[in-house]
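K.L.:
The listed protein sequences derive, respectively, from chains A and B.
Read in order, the letters of the first sequence are residues 130 to 302 in the working numbering.
Read in order, the letters of the second sequence are residues 2 to 407 in the working numbering.
A few of these clues could be false.
Claimed, not checked - Far from chain A by the CB rule (all over 10 Å, computed), these chain B residues:
{"id": "1", "residue": "V47"}
{"id": "2", "residue": "S165"}
{"id": "3", "residue": "S193"}
{"id": "4", "residue": "R298"}
As the list claims (entries may be wrong) - Restricting the straight-line Cα-Cα distance to at most 20 Å, the calculated cross-link-like pairs of lysine to aspartate or glutamate (DMTMM-like) are:
{"id": "5", "chain 1": "B", "residue 1": "K197", "chain 2": "A", "residue 2": "D178"}
{"id": "6", "chain 1": "B", "residue 1": "K197", "chain 2": "A", "residue 2": "E287"}
{"id": "7", "chain 1": "B", "residue 1": "K197", "chain 2": "A", "residue 2": "D174"}
{"id": "8", "chain 1": "B", "residue 1": "K293", "chain 2": "B", "residue 2": "E278"}
{"id": "9", "chain 1": "B", "residue 1": "K264", "chain 2": "B", "residue 2": "D375"}
{"id": "10", "chain 1": "B", "residue 1": "K276", "chain 2": "B", "residue 2": "D136"}
Hints listed in this document are in silico derivations from the structure and should not be mistaken for laboratory results.
Here a beta-carbon is modelled for each residue, glycine too, at the ideal position from N, C-alpha and C.
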Amino acid sequence: MFTRVAAIAVVASTAILASLTGCAGTPVDSTTPVVTDVWLRAIPDIEVDGDMTGMFMTVENTTDEDVYLIGGTTDGTYTSDALDAHEVVEVDGEMVMQDAEGGILIPAHGTTQLMPGGYHIMFWNLTQNIPVGADVHATLNFSNGTSVEVHAAAMTVEMGQETYVPNGSGMTP
Amino acid sequence: MGERDSRSDAGITRRDLFWGAGIAVGSAAIGDRVGQVVRTTEFETVVGSAIEPFYGEHQAGVRTGMQAHGVFVAYSFSTNCNSETLAGVLRVATSEAERLTRGEPGLSDTDPELAANPARLTITFGLGHTVFAVDSGMGLSSQRPIGFDELPAFSFDRLEPTWSEGDLLVHVAADDPLTVSHAVRHMTRVVSSIAKPHYAQRGFVRAQGVAPLADVPRNLFGHVDGVANPTTDAEFDSHIWAGADAGWFAGGTQLVLRRISMKLPEWDTLGSKDKEEAIGRRLSTGAPLTGKSVHDRPDFDAVNSRGLGVIPEFSHMRRAHTGEGRQRFLRRPFSFDDGFFPDGTPNVGMLFAAYQQNTTEQFLPVQQTLADFDILNLWTTPIGSSQFLILPGCDAGGFVGETLLG
Ligand code: HEM
Ligand SMILES: [Cu+2]
Numbered sequence: 130m131f132t133r134v135a136a137i138a139v140v141a142s143t144a145i146l147a148s149l150t151g152c153a154g155t156p157v158d159s160t161t162p163v164v165t166d167v168w169l170r171a172i173p174d175i176e177v178d179g180d181m182t183g184m185f186m187t188v189e190n191t192t193d194e195d196v197y198l199i200g201g202t203t204d205g206t207y208t209s210d211a212l213d214a215h216e217v218v219e220v221d222g223e224m225v226m227q228d229a230e231g232g233i234l235i236p237a238h239g240t241t242q243l244m245p246g247g248y249h250i251m252f253w254n255l256t257q258n259i260p261v262g263a264d265v266h267a268t269l270n271f272s273n274g275t276s277v278e279v280h281a282a283a284m285t286v287e288m289g290q291e292t293y294v295p296n297g298s299g300m301t302p
Numbered sequence: 002m003g004e005r006d007s008r009s010d011a012g013i014t015r016r017d018l019f020w021g022a023g024i025a026v027g028s029a030a031i032g033d034r035v036g037q038v039v040r041t042t043e044f045e046t047v048v049g050s051a052i053e054p055f056y057g058e059h060q061a062g063v064r065t066g067m068q069a070h071g072v073f074v075a076y077s078f079s080t081n082c083n084s085e086t087l088a089g090v091l092r093v094a095t096s097e098a099e100r101l102t103r104g105e106p107g108l109s110d111t112d113p114e115l116a117a118n119p120a121r122l123t124i125t126f127g128l129g130h131t132v133f134a135v136d137s138g139m140g141l142s143s144q145r146p147i148g149f150d151e152l153p154a155f156s157f158d159r160l161e162p163t164w165s166e167g168d169l170l171v172h173v174a175a176d177d178p179l180t181v182s183h184a185v186r187h188m189t190r191v192v193s194s195i196a197k198p199h200y201a202q203r204g205f206v207r208a209q210g211v212a213p214l215a216d217v218p219r220n221l222f223g224h225v226d227g228v229a230n231p232t233t234d235a236e237f238d239s240h241i242w243a244g245a246d247a248g249w250f251a252g253g254t255q256l257v258l259r260r261i262s263m264k265l266p267e268w269d270t271l272g273s274k275d276k277e278e279a280i281g282r283r284l285s286t287g288a289p290l291t292g293k294s295v296h297d298r299p300d301f302d303a304v305n306s307r308g309l310g311v312i313p314e315f316s317h318m319r320r321a322h323t324g325e326g327r328q329r330f331l332r333r334p335f336s337f338d339d340g341f342f343p344d345g346t347p348n349v350g351m352l353f354a355a356y357q358q359n360t361t362e363q364f365l366p367v368q369q370t371l372a373d374f375d376i377l378n379l380w381t382t383p384i385g386s387s388q389f390l391i392l393p394g395c396d397a398g399g400f401v402g403e404t405l406l407g
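Working from the sequences, and respecting the hints, build out all of it.
P.N.:
If you want it as structure tokens, here you go:
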């Protein structure tokens, strides 16, 4: 809940950045995190592969302050839902994904990698298949009010099975 | 949040998502967040860090100086392969391959550590005949390049389906076998949505650093192999690369890959004079029997005291000789040594890779001459045959295959 509200709140104050297909956005100023190597798990067939997927990337924070990747939005081609920032944790011996509380930490002068089995940007309720090679758009929002527009190429990846558990007990996120 | 059916329909937890996991499972400590990993790519040696440029008018891996290890991986298309899905796959395959050749892991690489040493890695893409078949459903039958015709059966062929045909080729080569293995594994993952592996034919020449780079490689008969090859830009433009008149195929080339088994026990019974005359070159230096050093031009007119050719009429080199003529093509042969058959005979031979503008005009007549007669046929048997169009190269931002499918 918190994540979603925060994500909406920052959009207004955001500098939206144009970017090249398949590449990440370039920051206009030094407070905008640098996003590179963006890709997404292809869902060639929603019926078989499920109607959700995740986006991965490398995010670098060149500032002196910690920044959080709090979520994002898309142009609506593949889903009309907001994009959530997720983490994967082990709970009772099982790998589960859940909202990253407060977002995904990009430490000051640090780099965080979003990857299968770890942090990812979650796409829910896909409305159409995402074939391999598809170009998927997202606007990523950060806790310092900045945003980055990215285009991710969809690719095949072997996946394990994970369970989604909302943060906190008895709450849906 | 009730409006998110993906989650809410399953209640608080949602089980059995095909999601996440993979590399993180097992390595993550209890409760640890997964991520915040810093990849390092440290080049340690000259051989390991050497990079072959990926982008350009032509794909790498054809004119590239031969790497120590090469594998030809052929894939069969799945039923969902059409010109659209193929284009999507080639798009990501291109960018993933380009990363690997720079020593960068692929984006979806599950083993990034294995990508650190490119060792002159090249990854070369090709398409088989099926793509242009009228019934392939690809709608590309009018795009088949001139001269890319299916070879006839030759009398000496003993072709095995295991080593023949193929819809998609990924030819991987590098000076390191681990690099090759990793690249094959990753590229197989990248194309897996539309194609399944059909064969991998693995071969080798010499390891890097063992012999001077200028040395011509030797095959398992002990002979230097690859002397009479085009080398200059002009020769490649006139004989190997498809020209501007080839339309979408300009900058590509046609590959014939023949798997040829070699009967080493029989060959071993020959004396060195017989071995030299079978080819027409000296074993020691690789010089033609009419010359002193390996790059001396063979004199096919020279005769001995009995009036017979110094380079014998039956010799492989004379039978195969094309001179500067139209038939000339590029040979890039890798040896293979896959151990022994159950009866104890060695499973060895050559991955004979020939590249040309026009298979029918160039390769076919030479192969027909050799099939009609070649003394080497006593010790060699073709057991596999595949033909691929090596696609034109591309620049950064483009993809291999874009001129056909883009
Ligand atoms: C196991 C099979 C084969 C072996 C061991 C072999 C070996 C050799 C050797 C040692 C040479 C002389 C050195 C050189 O110029 O590179 C040579 C030349 C050549 N071979 Fe082969 N070869 C084989 C198969 C073939 C096949 C299948 C073809 C074509 C269809 C072919 C075409 C040629 C040509 C065109 C030359 C150059 C002749 C010249 O102009 O001097 N070879 N081969
Ligand atoms: Cu998730």
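K.L.:
Between K276 of chain B and D136 of chain B, is the straight-line Cα distance small enough, at 20 Å or below?
P.N.:
Distance of about 48 Å is beyond 20 Å: violated.
K.L.:
Quick one, are K197 of chain B and D178 of chain A close enough, alpha carbons at most 20 Å?
P.N.:
This hinted pair holds, its Cα atoms lying about 18 Å apart.
K.L.:
Does the structure keep K197 of chain B and D174 of chain A at a Cα separation of 20 Å or less?
P.N.:
Holds: K197 of chain B and D174 of chain A sit about 18 Å apart, inside 20 Å.
K.L.:
Holds or violated: is the Cβ of S165 of chain B farther than 10 Å from all Cβ atoms of chain A?
P.N.:
Per Cβ check, S165 of chain B is outside 10 Å of chain A; nearest 27 Å; holds.
K.L.:
Given the hint that K197 of chain B pairs with E287 of chain A, does the C-alpha gap stay at or below 20 Å?
P.N.:
Roughly 15 Å separates the two Cα atoms, so the pair holds.
K.L.:
Over 10 Å from every CB of chain A: does S193 of chain B meet that, or does the non-interface label fail?
P.N.:
Since the minimum Cβ distance to chain A is about 5 Å, S193 of chain B lies within 10 Å and the statement is violated.
K.L.:
Just to be careful, I want the Cα atoms of K293 of chain B and E278 of chain B compared with a cutoff of 20 Å; is the pair within it?
P.N.:
Holds - the C-alpha atoms of E278 of chain B and K293 of chain B are around 15 Å apart, at most 20 Å.
K.L.:
Does V47 of chain B really sit off the interface, with its C-beta more than 10 Å from all C-beta atoms of chain A?
P.N.:
At about 27 Å from chain A, V47 of chain B clears the 10 Å cut-off, so the statement holds.
K.L.:
Starting from K264 of chain B, check that the Cα of D375 of chain B is at most 20 Å away, please.
P.N.:
Status holds; Cα separation ~15 Å.
K.L.:
Classify the label on R298 of chain B as holds or violated, using whether its beta-carbon is more than 10 Å from each beta-carbon of chain A.
P.N.:
The claim stands: R298 of chain B keeps its Cβ more than 10 Å from every Cβ of chain A (closest is about 49 Å).
When held up to the earlier numbered hints, the structure conflicts with 3, 10 and fits the remainder.
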